[in-house]
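> Chains as they are written, first to last, in the UniProt record's numbering: chain A, 1 to 464; chain B, 1 to 464; chain C, 1 to 464; chain D, 1 to 464.
Careful, some of the hints might be misleading.
Note: identical chains are not told apart, hence a pair may lie in one copy or across any two.
[What the hints assert, rightly or not] Straight-line alpha carbon distances no greater than 25 Å define the calculated DSS-like cross-link-like pairs of lysine-lysine that follow:
#1 Lys322 / Lys46
#2 Lys334 / Lys345
#3 Lys348 / Lys63
#4 Lys345 / Lys46
#5 Lys13 / Lys46
#6 Lys46 / Lys464
#7 Lys334 / Lys13
#8 Lys345 / Lys464
#9 Lys345 / Lys13
#10 Lys213 / Lys345
#11 Lys322 / Lys63
#12 Lys197 / Lys348
Keep in mind the hints are simulated off the structure, nothing from the lab. Keep in mind the model is a prediction, meaning the values are calculated, not measured.
Number of protein chains: 4
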Amino acid sequence: MSVLSTSQADNIKDTLQTAIDRDANETIEISQRIWDYAELGYQEFKSSELLQQNAQMAGFSVKSGVADIPTAFVASYGSGSPVIGIMGEFDALPGLSQTVTHEREEHVEGGAGHACGHNLFAAGSWAAAKAIKEQIEGGTLSGTIRFYGTPAEEGGAGKVYMARAGLFEDVDVMLHWHPAGFNDASPRSTNANKGAKFRFHGIPAHAALSPEKGRSALDAVEAMNFMANLMREHVPEATRIHYVITNGGEAPNVVPEFAEVFYYIRHPDFQTVRELFDRLVLTAEAAAMGTETTMEYEVINGSYNILPNEALSRITYNNLIKVGGVSYNAEEQKFAENLYATLYKPNKPLGSQENVEPFIPSAGRASSDVGDVSWLVPTTGLTTACLIPGSYLHTWQAVAAGGSSIAHKGMLNAAKVLAMTAADLLQDPTLIAAAREEWEASRGEDFEYYPLLGEREPPLDYRK
Amino acid sequence: MSVLSTSQADNIKDTLQTAIDRDANETIEISQRIWDYAELGYQEFKSSELLQQNAQMAGFSVKSGVADIPTAFVASYGSGSPVIGIMGEFDALPGLSQTVTHEREEHVEGGAGHACGHNLFAAGSWAAAKAIKEQIEGGTLSGTIRFYGTPAEEGGAGKVYMARAGLFEDVDVMLHWHPAGFNDASPRSTNANKGAKFRFHGIPAHAALSPEKGRSALDAVEAMNFMANLMREHVPEATRIHYVITNGGEAPNVVPEFAEVFYYIRHPDFQTVRELFDRLVLTAEAAAMGTETTMEYEVINGSYNILPNEALSRITYNNLIKVGGVSYNAEEQKFAENLYATLYKPNKPLGSQENVEPFIPSAGRASSDVGDVSWLVPTTGLTTACLIPGSYLHTWQAVAAGGSSIAHKGMLNAAKVLAMTAADLLQDPTLIAAAREEWEASRGEDFEYYPLLGEREPPLDYRK
Amino acid sequence: MSVLSTSQADNIKDTLQTAIDRDANETIEISQRIWDYAELGYQEFKSSELLQQNAQMAGFSVKSGVADIPTAFVASYGSGSPVIGIMGEFDALPGLSQTVTHEREEHVEGGAGHACGHNLFAAGSWAAAKAIKEQIEGGTLSGTIRFYGTPAEEGGAGKVYMARAGLFEDVDVMLHWHPAGFNDASPRSTNANKGAKFRFHGIPAHAALSPEKGRSALDAVEAMNFMANLMREHVPEATRIHYVITNGGEAPNVVPEFAEVFYYIRHPDFQTVRELFDRLVLTAEAAAMGTETTMEYEVINGSYNILPNEALSRITYNNLIKVGGVSYNAEEQKFAENLYATLYKPNKPLGSQENVEPFIPSAGRASSDVGDVSWLVPTTGLTTACLIPGSYLHTWQAVAAGGSSIAHKGMLNAAKVLAMTAADLLQDPTLIAAAREEWEASRGEDFEYYPLLGEREPPLDYRK
Amino acid sequence: MSVLSTSQADNIKDTLQTAIDRDANETIEISQRIWDYAELGYQEFKSSELLQQNAQMAGFSVKSGVADIPTAFVASYGSGSPVIGIMGEFDALPGLSQTVTHEREEHVEGGAGHACGHNLFAAGSWAAAKAIKEQIEGGTLSGTIRFYGTPAEEGGAGKVYMARAGLFEDVDVMLHWHPAGFNDASPRSTNANKGAKFRFHGIPAHAALSPEKGRSALDAVEAMNFMANLMREHVPEATRIHYVITNGGEAPNVVPEFAEVFYYIRHPDFQTVRELFDRLVLTAEAAAMGTETTMEYEVINGSYNILPNEALSRITYNNLIKVGGVSYNAEEQKFAENLYATLYKPNKPLGSQENVEPFIPSAGRASSDVGDVSWLVPTTGLTTACLIPGSYLHTWQAVAAGGSSIAHKGMLNAAKVLAMTAADLLQDPTLIAAAREEWEASRGEDFEYYPLLGEREPPLDYRK
């Protein structure tokens, strides 16, 4: 394929943007329905079905239930090389139900909510894929566009199972994005992550009659936590260790026979995560020993740190600059101001959503199952200002904004940048080659992929 | 009323025993149905209804929903003095579902079970009340017999609300019994008990992105537990402190905004429980302070230690000696041997169920809402060998045995002793006078009743 | 030897009392000098020397440095059977220096003090032995009287090494006493005790530069303590577990390479102590495992529970009744009132020092190396009111009173009771036979003596 | 003063280097004597005296005992502007006694040692000051050279008291250096630091007899530590929190009445340290509350983060490049190899001591009381390879190397760089002006100096 002239390329980008604006209502409708579904990881049956239906209607060929995951799918259009994939996430978070308002107000009591904006993620990515498809269909672009329906990002590590199943093997570049409070396409790594549930078994006894006959599984959980908290001092400072007690005993008058704690370990380097996890297991074994209980653990999730790719990020950045930031109308400004007032020490001012962040490589502390993908395929992503500046993901404010027109503006911007970036890559093979060269250097020669979560099956019921 | 001659009294006792044997199948049927219902505290709608229906059919007048508790009731027969009450409990325990087998085998997954034998308690007490009623009806006894349907003994403190509501005010003596692995009518005190849920509120944050912005409510729970565990060294040695973590956070990647721990404090003296509880509250307040969270607590239950009454115990003991222990047939012996083999360090040999324990006053470490009753009315009770010797309440073995023919034998024995004891008291006013004199001395002159659980409403949904 | 008539026996007792009163100043002088020396366990060189000199001057034959302990000795007078031994302790406690005043006021800054009244113990026992010696010398009594100089009772377990060395093998009865706030000769058991220092070794690192390279020995100590504190719920309720951190690291900026914690485990039954100690060792091993450190421990002390002997106690009690309690003069009353006002919730009123406590067998919670002696020889003891009623040993108030004339009165009373009891035993062989029969039944047939502290050498420098 | 030509400046530098080589033996002798003295913070009487004597003999005017610190002094030579100061530290660390050998081998049991190489620091700085003095004396340089004898860097914060006393007010530039395992003059910040001893007071009681009457001060220390360890998750990731338990109770059988823990908090920003320290105090207050003890704390030390100055660093770097790294002779190579083999995961290879590290600004995690100086005067420093590459300060390997000829080579290099840098500054006023401009911008306009350690007196006995 010959490289198009700049003006031709610009024409295609204009067309892509126009198409995305044209379908804006449809895209917003998809994002809203997923926001309403608010389905938890691996339970995203309606959300996945909605996206697959749209892909099928648009002429994509859809493989459902890939990687032994009912809600995972790959929708493909076009043929031959290059193959550009766009990821779409759609799972919600438990206990974060929220209405679209600047006050904390539960939509469904105790219900789930899209605190990470995956409703936008899915719909925006889909809009990009669809726009590219039209260009391939129309002959202005050639190659293959794929939309990956990737479930259970939040703790379910859906993409890791898809990676392990080889679903990214023939892809040249993978693209993704994420809602945020700012517009940014800088290279950004994440933390690798490994999570496990540690289960302790004690000897039950009536806690008043014969506590001396009991051995408390909850004691073991607390002893493990104690030693894990001491360990915090003796790990590299970028490490994250966090846990919740998922079973803390049945009733006060019975010495707990069973207790469970759910841990995550994170670090910018997946190899360090492996080592720290082994140390964490030591604390669990020690806790069992010292409380005369027994322990087994189940690895629940695990994902690699994202391997950033500066070559790809630069292309994306240029497209983001073209698309620009997000401007609020009067009503949106009012909503944003009210919501902003509820934020705890926001780190960006209102108004900053109109700008694009400078191109500065950085290391994020969160994790994403995009990590595994990025070690198997050169991968890049961006964020757009779908949330109020200064707000954080996984908060009720994120849920509130994620259902608003502000979020829709950010989502459409992301769709445009993804589509334009895909267009750049489909048009110029040297861009892919450069990205690949950088990627191979970053991975190192001896790299072999072993998922942090090992051989376990997808935990399809981890949110049940 | 004149005191009957010994032979007359003996005749009545023979009649009572015969009547209880006559109705054995009916009584067993009631106990089995309650075992099958396995309803948790304040949810015992079917169990309570079954008992009330039987009482009504037998001619008792029934007051339902007393003390603002839907499943509490008082069934009364006869008139005038003396008034003898018999308590009947019928609530099950969560997470202890079990079939009638010598292996651990859940009847309903995660379901509730009668690990404390309250199905037997209710049915046995009712059989006694019914037998007495026949004597009053027939004119051989005079006075009033009451059957108190007392819900939610396990952590719900049903009788305390009934006590607070004045339902025991006009009673002369209250009787009760409890299934156990042995036959005993010795005076036995219990621990007073006070339970509360401590609820901590933190500041949520993404545990990987910005843990420094979060303040963990689970940290607070663990800090409270830490200080409470240190406190164990500095409390009187008969004290019991036990807890379960009823909410340990939502997901590992969110710094927990809410966490909850449920505590019990017990001691043989209710006044000491008050003081220890206040110290426990200090640990909760300190935990909130030191973790920069906030705390509030809700008192869930509270009951006085049982005030034993030696005069009443002696009467009961004499009747228990008359009735004797429990003999197994070959099949029961086999079942008992198999179940016995699963016990952890049993403290009594098989065979000991055939004997009555010697009359030795003792102090038990469990608690019972019978405690509050015993400070308002002279009260006594007994245990019969419904369980395999050496087994403990609140274990699956207790559930297994509690549905077996072994348990039914023990239950019928208890019914006989209760009925015979009530007959003694109805016939001889000097017995009641002596019991009352002892009771007034034990309480002390200045005693005033303030429930440990204060003014709270019955926690009707504490098991939901 | 024929049994003397009652009046002869009474005469001897009168003579013994007179002799003790006669030597009162000398006895007080000995107790005061030991109070002033305030020498810690195994460092009691001056105190031991003083007592040995007195014994030698009185004609006793003295074996010094027995059981490989420089300050242990046995002083013997007379010959043949029966052999009656009287124990004398003389070690002080660290950090409890105090003047004889009703205010807390250190005698020597940070210095040691006789907070357990062993200065009185030694001098009073000696006075008794000396009085008996005069009777043997004069021919009114026959047999052997021994004074055992037993060092390092406070944590040093001096008598255990003496027991292990066979020094009590040929003794018929051992006698002892202890200063207290009341007069009592009831049979009283103690807790068995086992103590050990747990030493943890980590990897040092600069705590600011490279804490991730360090493994903290102090973390291990705290992890062990955490699990030991959890264990408190799951031990028999009479158990005592207590510890101090004897090395908690060098400087905050170095991850501690070494840390040490010193534990005691106590329980009324020495066999239970063995089991609990093994569980405690598990917590130490677990702590090392979970903090990636290493651990070794050294058993420091260990003593059996005292096996009470009712036959011997009854004899002692009768003599205590004869001698009576302690009366204060006006000045002593003033001092006592002032000191009493500083007590924390005293459990006895002022004035109660004049009475003898009723004869009621009981179980004490403290430990004593008298325990091991009592499993090898029938042993009995008493307490006299050397301290202010309601005061506790091991407090500054105990030190203050222990140097006062109040204490001297109690000490002389004890000397009299010991002497009179020894006289009873020397005169009537049936008393010893009865005591021995009870003792053999209490020990059980299969008893074999293995010291809880094993084969370790006396820790002669444990107080250095 | 006119700026000298380059060749004149080079001549002076050659002369300075020659002078330092000439006096090498004398400088090594000083460093060895201080190594032998191994005096702890504020106890450096001999070390300080030695340095002052040398200064006086060299014609410096010496002010002793400045800032109310007996071992602090300022030695001055020359007059007028500019004023260049060089700092010299000389305190040792406790518990790190060591011989000059590649095996761990204590020089003095439990003794102190120069694990931070301050013996070299003092002697090298002095050699530089002396060399400059000769040039001023000879007229080739003009202005004032000062040698600051700054005690108790290790936890004593000597320079902070000197800063608070205004001793740096008229200085233009302050210079310092530090022994390390590499040669580096890059700008490098440090962590600000604040340390305090938290003292808890409980209620003593016999731990076996009446633990329920006691309230343990050690419990409080452990509760504080528990909450502080939980806090680790909720602080910025560059934070350091570390502690040792400096008093963990007296004897296991007494509930500890007193216990003490010594904490440091560090962070790259002094304002954050203030905030974190306040949060730490909360954990102490909470621990007291929850254990029913009382608490007071004493701030022990506190120092600002070092404000790096790139302009000054660049001058130093150029001089370090001129002087070069450290070459080993055969014997030194052997010694280094043996010592290297004992290192735990060294981060630099042997041989790297010959190079100068590239000029890269960085942030160190240790703290230094140079921090406060750097906010009051533009300040810069360097390190030279006095230790084996890959070794860490505060280890026995650092002590071992610090007394070897390897260390002396590094020390003399440092002396040369300091002298040459001082010469540059004394010759060219524009260099000082540029440094000052950068420094004012870094501090910020509103900066006001409040020492983190507040108004406390120098803790002259903190190492006693």
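> Look at each hint and say if it fits the structure.
Hints, verified against the model:
no.: 1; hint: Lys322 / Lys46; result: neither (35 Å within a copy, 70 Å between copies)
no.: 2; hint: Lys334 / Lys345; result: within (19 Å within a copy, 57 Å between copies)
no.: 3; hint: Lys348 / Lys63; result: neither (42 Å within a copy, 52 Å between copies)
no.: 4; hint: Lys345 / Lys46; result: neither (37 Å within a copy, 53 Å between copies)
no.: 5; hint: Lys13 / Lys46; result: neither (32 Å within a copy, 70 Å between copies)
no.: 6; hint: Lys46 / Lys464; result: within (16 Å within a copy, 30 Å between copies)
no.: 7; hint: Lys334 / Lys13; result: neither (33 Å within a copy, 67 Å between copies)
no.: 8; hint: Lys345 / Lys464; result: neither (34 Å within a copy, 39 Å between copies)
no.: 9; hint: Lys345 / Lys13; result: neither (39 Å within a copy, 53 Å between copies)
no.: 10; hint: Lys213 / Lys345; result: between (50 Å within a copy, 9 Å between copies)
no.: 11; hint: Lys322 / Lys63; result: neither (34 Å within a copy, 67 Å between copies)
no.: 12; hint: Lys197 / Lys348; result: neither (36 Å within a copy, 38 Å between copies)
Checked against the numbered hints above, the structure breaks hints 1, 3, 4, 5, 7, 8, 9, 11, 12 and satisfies the rest.
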